[in-house]
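Each residue of the sequence shown is one higher than the one before, starting from 1 at the first, in the UniProt record's numbering.
Mixed in with the good hints, there may be bad ones.
Label-pair distances were calculated between CB atoms; the ranges are [as the list claims (entries may be wrong)]:
1. Glu-48 with Val-72: 31 to 37 Å
2. Val-25 with Ile-71: 21 to 27 Å
3. Val-72 with Gln-24: 28 to 34 Å
4. Leu-22 with Val-2: 28 to 34 Å
Everything labelled a hint here was simulated from the structure, so no lab data went into it.
Quick reminder that beta carbons are idealized off the backbone N, C-alpha and C, glycines included.
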Amino acid sequence: MVLNLFLVLFALICVALVFFILLQVPRQAGLSASMASGGSLMGGRGVEGGLVRISSVLGGFFMLLALLIGIVSR
1 MVLNLFLVLF ALICVALVFF ILLQVPRQAG LSASMASGGS LMGGRGVEGG
51 LVRISSVLGG FFMLLALLIG IVSR
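Given the sequences, and given the hints that come with them, work out the whole structure.
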């Protein structure tokens, strides 16, 4: 019962994660330019900052549910 709930939540989070990642505007500057900028990771960029925050939270839930599914399915 719990495993089925985790699997359904996992599938929904996977779909949402793909959706929000595809909504983000690609940056052509690369990782070094984003590290060199003075902006904070969690905001200050309007809608794009919100998309990054949502993607980060969904990624965290994705990893947590993957671990829980692995533990419960034993």
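Any hints from earlier that this structure breaks? Give me their numbers in increasing order, please. Violated hint (a single one): 2; every other hint is consistent with the structure.
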